[in-house]
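Chemist: Residue strings, one per chain:
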Amino acid sequence: MEFSSQLKEFIKKELVRYEVKRSAIIPCLFAVQKEQGWVSPEAITVLSKEMELPETWITEVTSFYTMFNRKPVGKYHVQVCCNISCSMAGGRELAAHLEKNLSAKAGEVSPDGRYTVSRVECLGACGTAPMMQVNDEYYENLTLESAEKLLREME
Amino acid sequence: METKILSEHYDKPEYRTLEGYKRLGGGYEPLAKCLKMDRQQIINDVKTAGVRGRGGAGFPAGVKWGFLPDNGETRYLLCNADEGEPGTFKDKVILEQAPHQMIEGMIIAAFAINSPKSYVYIRGEYAKAQKIVKAAIDEAYAAGLLGENILGSGFTHHMDIYSGAGAYICGEETAMISSLEGKKGQPKLKPPFPAVAGYLGKPTIVNNVETFSAVQIIMRDGVEAYRKYGTEKSAGTKLFSISGDVMKPGVYEVPLGYPLKDLIEQECGGLRPGRKLKAVIPGGSSAPVLNAEESYKVTMDYEALAEMGSMLGSGAIIIMDDSRCMVDLLEVTLHFYHHESCGQCTPCREGTGWIHKMVKSIYDGTGRLQDIDLIDRVANQMRGRTICALADAASFPAISFVKKFRDEFEFYVREGRSKVTGVRVEGEAHA
Ligand SMILES: Cc1cc2nc3c(=O)[nH]c(=O)nc-3n(C[C@H](O)[C@H](O)[C@H](O)COP(=O)(O)O)c2cc1C
Ligand code: SF4
Ligand code: FES
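Heads up: the protein sequence lines correspond to chains V and L, in order. Under the working numbering, the residue at position 106 of the first sequence is numbered 106, and the numbers go up by one with no gaps. Under the working numbering, the residue at position 418 of the second sequence is numbered 418, and the numbers go up by one with no gaps.
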C-alpha cells in the first residue's frame with residue numbers, strides 16, 4: 001500500500017505542527033480515513049513508517065476513538081443519534097427504519113455499497129432532534145420519510 | 001425574557017467574520033485595553049466578576065487561573081470544545097456564530113496568565129465548527145491579533161485547533177490533555193491538577209468555550225456591569241440548551257437565577273398541547289432528575305439546584321412530559337455511560353455495565369423487584385472511588401430516576417410493560 005503524495009505531504013506538515021510528533025497521530029488518521037474510507041491494519045503499518053512512530057501508538061489511538069472506522073463503511077456513513085433527546089423524538093425508530101429500508105444491517109455496509117447505518121451518542125444537536133450525521137454533515141429535524149429521501153437522493 | 005449579553009449578535013451571519021465582530025460588538029477593543037493592563041488586574045477582575053466554569057463543574061475561572069505555579073515554566077491554555085454531555089449544544093452555537101468572541105476571550109486569558117500557546121480542542125463530529133473556528137483564527141493572525149507582538153504590545157501568542165475523534169470522556173480535562181498529546185483519552189488522577197502539571201507536564205489552564213466568551217464580556221463591559229445579572233454567588237448570564245418536550249427547543253440566554261418554569265413556559269413556548277410536565281434533567285444527562293413539582297419551584301443557578309439535590313452542570317435542560325417512560329429513558333442514559341467509560345477504574349467499568357444491564361432487563365421484561373434496590377446500591381457504591389467523575393455522572397441519573405419514579409420501575413417489573421405507554425416502548429432499545 002502506498003499513500004498518495006498529498007497525504008504524505010499532509011503527514012509531513014502535521015508532524016511539525018504540534019509540540020510533540022505524537023500529537024499528529026489523530027489528524028493523520030483522519031487524513032488516512034478520508035483517502036481510504038477506513039483505517040486498515042495495513043494502513044496503520046504504513047502510517048507508522050511515514051510518521052516514524054511505533055505502530056502500537058497508532059493502533060491504540062485507532063481503537064480508542066469511535067470516529068475511526070476499523071472496518072470499511074458505505075459511501076454514506078449514516079450516524080443516527082439515539083441518545084436521550086433524540087430517542088424522545090424518534091431517533092431509534094429512525095435508525096431502525098433506515099437499516100431496514102436501505103438494507104444496511106446495523107453497522108454493516110448495504111449490498112450496493114452506499115450505506116452504513118450506525119447508532120451513535122449525543123452529537124450536540126438535541127434541540128433539533130431527531131438528527132443524523134452523514135459523513136461530515138448534520139441533518140436535523142428529520143422524519144422517517146425526509147431522512148430516507150435525503151439519503152436516496154445523495155449523489 | 002431572554003437577556004442577550006453574550007448572544008446579542010449570534011443571529012447575524014456577519015458576526016462570524018472579524019469585520020462583523022468588530023463592527024457589531026466592538027470586538028477586540030477589550031483585548032487592546034487588556035494588553036495595556038497589569039496581568040494580575042485582569043485575573044482579579046475575572047475573579048471579582050465571579051464567572052464560574054461553564055463546562056460543568058462550575059469552578060470560578062479567576063480562582064483557577066490563580067493556581068498556576070510561579071516557576072517560570074511554559075504555560076498552556078486549552079479551550080474545551082468537546083461538548084459531549086447529552087443534551088448540550090450551546091458551545092456549538094458560540095463556535096459557529098461567534099468564534100471571535102471565544103478567541104478574544106482566549107487571547108485575553110492567555111495574556112493574563114502569560115501563555116504563549118493555546119489550543120481549541122473541538123469534538124471530531126463538529127466539522128463545520130472546526131472550519132469556522134480555523135477560519136477565524138486565520139483572520140485573527142492576518143490582523144495581527146495572534147502571533148508575534150500582538151497589536152504592538154510585545155506579547156506573543158499562538159493558537160491552533162485540535163480535533164477530537166469521538167470519545168465523550170475527552171471532555172474531562174485530563175483526558176483531553178492526553179488526547180491532545182496523541183494518546184488514548186484516559187483521565188489521570190488529580191492532583192496534580194492541570195494548572196500544575198497539564199499538557200506535556202506543563203502548567204495548563206483548561207476552560208470551556210462559554211467561559212472564554214464570558215471573559216470577553218467581563219473585560220468589555222466591566223465587572224460591575226457583568227455582576228448586574230445573576231445572583232450573588234451565580235453571577236452573570238448563561239446559555240441554556242433546552243431539548244425534549246417543549247414547543248420551541250433551542251439555546252436561550254438568561255441570567256443565572258432565572259426560574260425554570262419561566263424558561264419552559266415563556267422562552268420555550270410551553271409543553272405540547274394537552275401534556276403535563278413529568279420531569280426535568282436540569283444540567284445535562286448526569287444531573288439528578290427533578291420531578292414536576294421541583295422543576296416548577298427551582299431557579300437556574302448553582303445554589304438553588306444544589307439545594308434541590310441536582311446541579312446546573314453544562315446548562316443542558318431536558319424536558320420530559322407525561323407521555324415519557326422513565327425506565328426507557330434511564331436505559332438510554334445508562335447505555336451511554338457504560339459505552340463511554342474508559343475502563344480504567346473497576347467501579348466505573350463494572351458498575352456502569354451492571355446498572356445498565358439491570359435497567360435493560362427491567363425494560364426487556366425480565367427484571368426482578370430486588371434489582372430496583374440493587375441499582376440504587378450499586379450506583380451509590382460507584383461514587384467517589386474513581387479517577388474521574390464519569391462514574392458519579394452515571395450514578396446520579398440511576399439513583400434519582402429510581403428514587404423519584406420508583407412506581408414506574410416496579411410496575412414494569414410486575415407487568416412486563418411500561419406503566420406510561422402500556423407497551424414495551426416502540427423501536428428496539430440499543431443493541
Ligand atoms: C466525564 C466528563 C466529561 C466532561 N465533558 C466536558 C465537556 O464536554 N466540555 C467541557 O467544557 N467540560 C467538560 N467536563 C469538565 C472538564 O473536566 C473541565 O472541568 C472544564 O473543561 C473546565 O472548564 P470550565 O471551568 O470553564 O468549565 C467534563 C468532565 C467530566 C468528568
Ligand atoms: S471513572 Fe470511568 S471514565 Fe473515569 S477514569 Fe475511571 S473508568 Fe475511566
Ligand atoms: S441527544 Fe441526539 S444530538 Fe443530543
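I should point out that these hints are in silico values taken from the structure, not numbers from a laboratory. Cβ atoms here follow ideal geometry from the backbone N, Cα and C, with glycine treated the same way. Incorrect hints may have been included.
Claimed, not checked - Looking from chain L toward chain V, a few residues come up when the C-beta cut is under 10 angstroms (computed): (1) K92; (2) A167; (3) T231; (4) E232; (5) K233; (6) G250; (7) T333.
Chemist: For every hint, state whether the structure bears it out.
Modeler: Do the hints match the structure? See the list:
The beta carbon of L:K92 is positioned within 10 angstroms of a beta carbon in chain V (closest approach about 5 angstroms), and the interface hint is therefore held. Interface hint at L:A167: satisfied, since its Cβ lies 5 angstroms from the closest Cβ of chain V, which is below the 10 angstroms cut-off. Look at L:T231: its Cβ only gets to about 26 angstroms from chain V, farther than 10 angstroms, so that hint breaks. A least Cβ separation of about 30 angstroms between L:E232 and chain V goes past the 10 angstroms threshold, and the interface hint is therefore violated.
Below 10 angstroms, beta-carbon pairs count as interface contacts, and L:K233 has none with chain V, the closest being about 28 angstroms; its hint is therefore violated. For L:G250, the suggested interface contact is upheld, since its CB lies about 5 angstroms from the closest CB of chain V, less than 10 angstroms. With its C-beta approaching chain V no nearer than about 6 angstroms, L:T333 sits inside the 10 angstroms limit, and its interface hint holds.
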